[in-house]
Each structure stands twice: as C-alpha cells, then as structure tokens.
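Given chain A, work out where chain B should sit, using these hints.
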Amino acid sequence: MIATPVVSVRDLRVYYGTVRGTVRAVDRVSLDIGTSEVLGLVGESGCGKSTLGRGILGLLPESAASDGEVQYGGKNLLTMSAKELRHYRGPELGLIFQEPMTRLNPLMRIEDHFRETLEQHEPRLSGREIRKRSLETLGRMGIPPTRFRQYPHEFSGGMRQRIMIALALVLRPKLLIADEPTTSLDVIVEAQILSILADLRENFGTALLLITHNLGIVAEACDRVAVMYAGEIVEEGAARDVFAEPAHPYTQALLRSTISLETTDLHSIPGAPPDLIAPPPACRFRPRCPEAMSVCEEKHPVEERIDHRRVLCWLHGPHDQIPEGGAEKLGREEISVADEA
Amino acid sequence: MRTRPDVGVDDDVLVSVRGLRTHYSIRGSFGQRLVGREAGNVKAVDDVSFDLRKGEVLGLVGESGSGKTTLGRTILGLVRATDGSVRFDGEEITTMSERELRTLRRQMQIVFQDPHASLNPAMTIADSVGHPLRIHKVVSGRELERRVAETLETVGLAPAEQFLGKYPSDLSGGQKQRAVIARAIILNPVLLVADEPVSMLDMSVRAKILALMLDLRRELDLTYLYITHDLATAKFFCDRIAILYLGRIVEIGPSASIYEDPKHPYTQALLRAIPEPDPRRSVPRDLPRGEVPDAASPPLGCSFHPRCPRAFEVCGWETRDLRDLLESRWSHQEEEEYARERALIENLDSLDIPRVDVRLRAASRRGADVLELLEAAREEDPDEPFWRGVRSTRAVDDQAEISWHEPVEPRALDVGPVRVECHLYDEDALAEAERRRVETAGSEKAGV
Numbered sequence: 001m002i003a004t005p006v007v008s009v010r011d012l013r014v015y016y017g018t019v020r021g022t023v024r025a026v027d028r029v030s031l032d033i034g035t036s037e038v039l040g041l042v043g044e045s046g047c048g049k050s051t052l053g054r055g056i057l058g059l060l061p062e063s064a065a066s067d068g069e070v071q072y073g074g075k076n077l078l079t080m081s082a083k084e085l086r087h088y089r090g091p092e093l094g095l096i097f098q099e100p101m102t103r104l105n106p107l108m109r110i111e112d113h114f115r116e117t118l119e120q121h122e123p124r125l126s127g128r129e130i131r132k133r134s135l136e137t138l139g140r141m142g143i144p145p146t147r148f149r150q151y152p153h154e155f156s157g158g159m160r161q162r163i164m165i166a167l168a169l170v171l172r173p174k175l176l177i178a179d180e181p182t183t184s185l186d187v188i189v190e191a192q193i194l195s196i197l198a199d200l201r202e203n204f205g206t207a208l209l210l211i212t213h214n215l216g217i218v219a220e221a222c223d224r225v226a227v228m229y230a231g232e233i234v235e236e237g238a239a240r241d242v243f244a245e246p247a248h249p250y251t252q253a254l255l256r257s258t259i260s261l262e263t264t265d266l267h268s269i270p271g272a273p274p275d276l277i278a279p280p281p282a283c284r285f286r287p288r289c290p291e292a293m294s295v296c297e298e299k300h301p302v303e304e305r306i307d308h309r310r311v312l313c314w315l316h317g318p319h320d321q322i323p324e325g326g327a328e329k330l331g332r333e334e335i336s337v338a339d340e341a
Numbered sequence: 001m002r003t004r005p006d007v008g009v010d011d012d013v014l015v016s017v018r019g020l021r022t023h024y025s026i027r028g029s030f031g032q033r034l035v036g037r038e039a040g041n042v043k044a045v046d047d048v049s050f051d052l053r054k055g056e057v058l059g060l061v062g063e064s065g066s067g068k069t070t071l072g073r074t075i076l077g078l079v080r081a082t083d084g085s086v087r088f089d090g091e092e093i094t095t096m097s098e099r100e101l102r103t104l105r106r107q108m109q110i111v112f113q114d115p116h117a118s119l120n121p122a123m124t125i126a127d128s129v130g131h132p133l134r135i136h137k138v139v140s141g142r143e144l145e146r147r148v149a150e151t152l153e154t155v156g157l158a159p160a161e162q163f164l165g166k167y168p169s170d171l172s173g174g175q176k177q178r179a180v181i182a183r184a185i186i187l188n189p190v191l192l193v194a195d196e197p198v199s200m201l202d203m204s205v206r207a208k209i210l211a212l213m214l215d216l217r218r219e220l221d222l223t224y225l226y227i228t229h230d231l232a233t234a235k236f237f238c239d240r241i242a243i244l245y246l247g248r249i250v251e252i253g254p255s256a257s258i259y260e261d262p263k264h265p266y267t268q269a270l271l272r273a274i275p276e277p278d279p280r281r282s283v284p285r286d287l288p289r290g291e292v293p294d295a296a297s298p299p300l301g302c303s304f305h306p307r308c309p310r311a312f313e314v315c316g317w318e319t320r321d322l323r324d325l326l327e328s329r330w331s332h333q334e335e336e337e338y339a340r341e342r343a344l345i346e347n348l349d350s351l352d353i354p355r356v357d358v359r360l361r362a363a364s365r366r367g368a369d370v371l372e373l374l375e376a377a378r379e380e381d382p383d384e385p386f387w388r389g390v391r392s393t394r395a396v397d398d399q400a401e402i403s404w405h406e407p408v409e410p411r412a413l414d415v416g417p418v419r420v421e422c423h424l425y426d427e428d429a430l431a432e433a434e435r436r437r438v439e440t441a442g443s444e445k446a447g448v
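Here the protein sequences line up with chains A and B, keeping their order. Going by the numbering used here, the first residue of the first sequence is number 1, and it counts up by one from there. Going by the numbering used here, the first residue of the second sequence is number 1, and it counts up by one from there.
Hints in this document: simulated from the structure, not taken from any laboratory. Model, not experiment: these values are computed from the prediction. Just so you know, not all the hints are guaranteed correct.
Unchecked claim - Label pairs and their computed distance ranges (CB to CB):
id, chain 1, residue 1, chain 2, residue 2, range
1, B, S443, A, R124, 53 to 59 Å
2, B, D349, A, S184, 26 to 32 Å
3, A, E84, B, E336, 38 to 44 Å
4, A, P61, B, D414, 55 to 61 Å
Stated by the list, open to error - Result set (EDC-like, lysine to aspartate or glutamate): computed pairs, CA atoms no more than 20 Å apart in a straight line:
id, chain 1, residue 1, chain 2, residue 2
5, A, K132, B, E336
6, A, K132, B, E327
7, A, K299, A, E328
8, A, K132, B, E334
9, A, K132, B, E337
10, B, K54, B, D239
11, B, K166, B, D114
12, B, K54, B, E91
13, A, K132, B, E335
14, A, K132, B, D239
15, B, K166, A, E69
16, B, K54, B, D114
17, A, K83, A, E99
18, A, K299, A, D27
Just so you know, even glycine gets a beta-carbon here, dropped at the ideal spot from N, CA and C.
Okay, chain A solo, but in the shape it has when bound (with noise of 0.2 Å):
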C-alpha cells in the first residue's frame, strides 16, 4: 500500500437507475493513488472504468446514486456539498476528457480559456501573471506563445488535446483523471501526449489516474495498474508485474487477446461481459472462466493479498474460505460464438 495516497478511495458504489433496473456500474471499489504516482485503469467498455473516474471527481448524472469513501486532504468528497466540491475540482482535481474537439469553447481565444479559468480559481492573480503561468505550461505541452491568441479551430487534434492538458495543469492539480485521453489520436501523436503525461510526475508532481482500454499504454506510461471487469478491480499491482505474471484469468484473457507486434495467434475472450443490472451472484467472471471451480459459482471472491498485487479470485484464496468441495473444477459455460460482446 501506499504511504501517503493523495486519494484513497474505499468501497465506492455508483449505481445508475434505468427503466429497466439498477446498474450497478462501481460495485465496492477501493484503490488509491499516491503523489506523482501514475495508476492504468484499463478494462472494456462497459466495464465502470469511466463512472468510476467520475464518480471520484463526484462529476455523476443526476440518474446516478454513489456511496462509499473518497477521502482527499482528510475529507470525504462524496458527502460534500456541490458548492465545497467545486474548490476542489480544478486546483485540486483536474479531468482531461476523451475527445479535444468538443471541450474547446469553439468561440473563445486559447487566451480566454486560460484567463476564464486561472480568474475562477485563483483571484488573485494579476493579469501578467495569468500570461506568464499559461504561456509557461503551454510551451511544456509545445504549444509557442505566437499561438496564444488563435482559435481552437486554427489547431490540429494533438495540439488541441495538449492545450487540453494545459488547461488542467495551468492549476497544478494534486491529481489529474485522464479519460482515454488519446482514443481519437494518430499513434505517433498519442505517442507524444504520453511522453507528456508521463513527465508530469516530474514537472509538477501530479498523480494521475489514466483511464484507457489499451493494454500497451498502460505497459507504458503506467506505474500501477487496476484491471477493471463488470463494475469491479479484479487485480491490482505494479504494471511490470501484473503484465509479466498476470494473476487473474481476467487480466490473463485480456492480455493475451490483445494485438500486438509481437501477436502470432490470434486470442480471444469467449462469451460478453455481464449485464449489470443482473450481474452472476458470485463471481463475475465464472461464466467465461477457464479455470472456474464451484465454490466461484456459490461465494462472491474475496479479496486476496499476494505480494504488492491484490486478486479478486478464488484461486488465489484465500483458501480456508473456500467451502469443502469448492475447490472442484467446473471449467467454462458452453458459450456459442453468437453470444459475444
């Protein structure tokens, strides 16, 4: 566990009302993420990992009801008010969201934007020091000063994305929620806004909870990884460790059927993720699992410590929870290649 975590969040639950019943979109997720700490969010869609990330910034449709613990500076965000929480949210909290293009105010000067909001949260500031601080955090994103005065549209994508991050950094947040924050760049460019997400630890001590579906990110830019899968982390640790020895047959399932250069075969994961309004009753995971036993049909896993890791997984234990006979394999549900997400 982490010394000191910026944020530490305990048995958050986000569920959605919908006509047709309660999503259970979190269910009972803890983690935490330490100073100038980058931790990978990965799963597929569907899985919670957006809700989540909103829901600790306490950004939820109104359709949403959460409970459960985010404690930041000694403080509980989820039970503050709408008004205490808009302090934190930009100084202390910062989001990047997925698409560039449409979070520019099409309207508004590069200038505008920064002085809008530099003028919200910090006062105080004199108009010299408005330009000199958004002048310096552009031109680490590499965005020149001869550009401060241009329209959002007169920049490419991967610039827009970069005055993105500026505009989140410009306050130096203690903690920055990056939502697939290259999904819609070329490869080369999200390549470049990496390298910049990755230095951030370095040039301001930022932690950063990096949301995303792709696995080779992660490996990248990632110092911790949680493995996200139908509204629950089924195994957290160390990126290195988690892809060397991937401890749960989720995380070993989605590994392999990623592709990459090294790919010579092609994998996949049988069968879809749950539906969340009725999700298995025990494991999550035990209709698509290769290693399932009857105990993953009957208890809900529990929580198992391995190391640095943690794994929501009957096999790894803990085993004197595990009912006598519990342990006999069942292996996958007959799943039709029809029945697919």
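Relative to the frame of chain A, chain B by itself:
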C-alpha cells in the same frame, strides 16, 4: 468471357491502380466563389500506383488524413478519380457510368468502421443483410430468406433464427460487425474493402472479427483491401502493406520486410510509436515532432521532411519550416526572452507562403539582427536537420535574406523486396545533396 484489351496484364492481378489521383476542391468564402476563385484543392490521393493480386490481403496503413479511406473509395468508384486508372479484373472503372458501376459492385463490397452507423436502426437484421439481394434482384421470397439465414450462420450469428428478427440496437458491437460483414458477402463478392473494421471494437472482440475475416477469405476466396491506422492488426492480417502519407504511398512491400526492416523514416517512426503491452520490451522512443500537415498545402519536396530525423539538403526545406523552428524555440523560453526575439522580426506571417527564399524585415532596421537570432537557434541545436537545408543567409540593409536548397521530388525506388519513396535510397538525390554541400561550403569560404 471478358476480353482483355491490354497486352501483358497479369492474370493474377485483380485490381491494378496506376497514377491515381483524387483531388477535392475546397470551397472558399462566398466572395471568392462569387468571382469564380477556388480556395485550392486537397490532394487526398496523389499519384498512387499498385497492384492487388487475387486472394491477397493488402493493407493500406496511414494516419488520419493520409488518404487511405479516399483511396479505398476511389477504387470502388464511390468517389470519382481526378486522374489515373483503376482496373478491376481488366476493366477500367474510373470512366464507368453509375449504371455500369452498380453491376460491378456485386463483386466488390465494403465494410465500414462504425458498425453502429452502418446498419439502419429501423431495419431488422434479416432486412439489412438481405437488402443487397433485393437491390440487385438476385433472388426473392423463400430463397432470399434461405440465403440470409445461411449467410448469418457463415459469419457466426448462429442459430440464425435468433437474430433474423432483431434490430441493431439488440446486438452487441461485435455482433453488429458480423451482420455488416454478412451483408457485404451475401452477393459473393470477389473483393472486400474493409475500412477499419475492428478499430471501434474492444480488444477481446477484435481478434474474433479478424479471425472471422481470415476464415471467410479461405472459404469464399476473397481478396481484401484492409484499410487501417493500426500496424499491429495489419501485421497479423496482411500479406503486403502499403504505408500512406499525405496521399502518397511512401513504402509498399511484403509485410515481413516492412516490419523487420522498414525503409522509410516514416514507417520506422510509426512502428516505434506503437505502445507495446509487454513492459519488458518497451524502449525509450525518439518520436517525430508535429503532426500530419494540412493536405491543402503540403510541404515542398518530400511531405514527411519537416518531421523526418534524417532529412537532408534536397528534401524540401522552406519558409514554413523556419516558422516551426522559431516557434518551437520560443515555446521553451521565458516570456521576456520570447518577447525580445519575437520583436526582431516584423512580419512572421510572410513565412506562411511556401517558398525556398524569403526576405524578413527586421524591426530594428538591421537585417543582421535577424541573422543573429538564426545563429543563436543554430548554436542551440546544430544537429537539427533544418540547417542542412539552408543554402545561404545574408543581411541586405534592413532585411535578412534566407534561401534554402531547391527540393528534389522523391520518386519510387525498388529497394530489395520493397518500393520506397525516400531520397535516402536515391543515389542521384544523395549525389545532388553532396554537390550542394560542396557548393555551400565553397561560397561560405568565399564570403569570408
């Protein structure tokens, strides 16, 4: 059978593309249109030639704006070519009428990137998949139903009864893409153009769709044109790869050679940029700066030269490269320092017009002040390839005159099994660069 007017057409070639250009004109402002002036045009596809052999999978790989999608569509006749030729099974399609094309389209089909947008939400899967049969009046009634059910099972949507009456919104992303593929193959096409067929899907589903496409290739004898930005899936899927940059094929060859020994600096950069999921393998990467430039006014000479770490004298250095150089210098400076340097040059926008020589007016009325700024920039980073492109600099009264070496247009060269468009492999271009180097050194000496 079809007659083949051309002598020497390779029997194995399904699609033969020669000197193909697709240009889009940009509509300017109302005023410009009023006086009949176009704002220019975008060379989306610019002099592309290649052959697609029967049964082959050819990958068209490039970043957004490289022209890969336009190229795919031009080959299908969905976009009209501006110039050049596309022969499908020996028949020229660039000059075909819409009616002739429609008959031919039974043999060539396309799968788009977004399965959610490719299916009509108001049509059942049976209607969508059977639609081509109805449009081309191939079969109807019972026989149509039978063909639809059979095709659904071919693509893995089995049992078909379970899917026939469903709507796209009832299906997962992977299932939708299977339905889209079913619709594309129901007419038994020869050629399938797949435009980013898996990039919208989750990792765990991508492998399934690619495996399906490989199975179909074997079972139905398909030829694929696989359009993608993803070099990792292309490596697995393609027999040959063409790398596109700003409308041109900069490198084309067998997959094995492209991945093991990429020749073009752009291909090398693309391969280095792919994030590798195995952290033990990741290495620090030197990435090319910047992004794909605006296709409406591409760089002079080789389009990749402003980002290329190995560019030299004749690659096309020009005014806009100087602006980029100054701006990147300024973005790292303290504000006061920047303000001082920026004030030296009166009008920076004169660098936006692509030219190989320019006169910059110094705000101080001393051209030498601007030259001093350039000298400082050169000293800071003397290895920057830009400086190799500079032919001469001199102060003329209140102006600084800068000129660059005339660019040599890159040409396609056969290097081993690949064809590459890069001066690094062109003896003539290298010799020309050497000659210019000697010349520049000589005039510098004479200047002293």
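A quick look at each hint next to the structure:
1. B:S443 <-> A:R124: 53 to 59 Å: 58 Å, holds
2. B:D349 <-> A:S184: 26 to 32 Å: Given about 30 Å between the Cβ atoms, the range holds.
3. A:E84 <-> B:E336: 38 to 44 Å: 39 Å, holds
4. A:P61 <-> B:D414: 55 to 61 Å: 59 Å, holds
5. A:K132 <-> B:E336: The given pair, whose Cα atoms are some 10 Å apart, holds under the 20 Å limit.
6. A:K132 <-> B:E327: 17 Å, holds
7. A:K299 <-> A:E328: 14 Å, holds
8. A:K132 <-> B:E334: Roughly 9 Å separates the two Cα atoms, so the pair holds.
9. A:K132 <-> B:E337: 12 Å, holds
10. B:K54 <-> B:D239: With a Cα-Cα distance of about 12 Å, the restraint between K54 (chain B) and D239 (chain B) holds, given a limit of 20 Å.
11. B:K166 <-> B:D114: Holds, at about 19 Å.
12. B:K54 <-> B:E91: 15 Å, holds
13. A:K132 <-> B:E335: 7 Å, holds
14. A:K132 <-> B:D239: 53 Å, violated
15. B:K166 <-> A:E69: With a Cα-Cα distance of about 42 Å, the restraint between K166 (chain B) and E69 (chain A) is violated, given a limit of 20 Å.
16. B:K54 <-> B:D114: 27 Å, violated
17. A:K83 <-> A:E99: Not satisfied, since the Cα-Cα distance of roughly 27 Å exceeds 20 Å.
18. A:K299 <-> A:D27: Judged against 20 Å, a Cα distance of about 16 Å means the pair holds.
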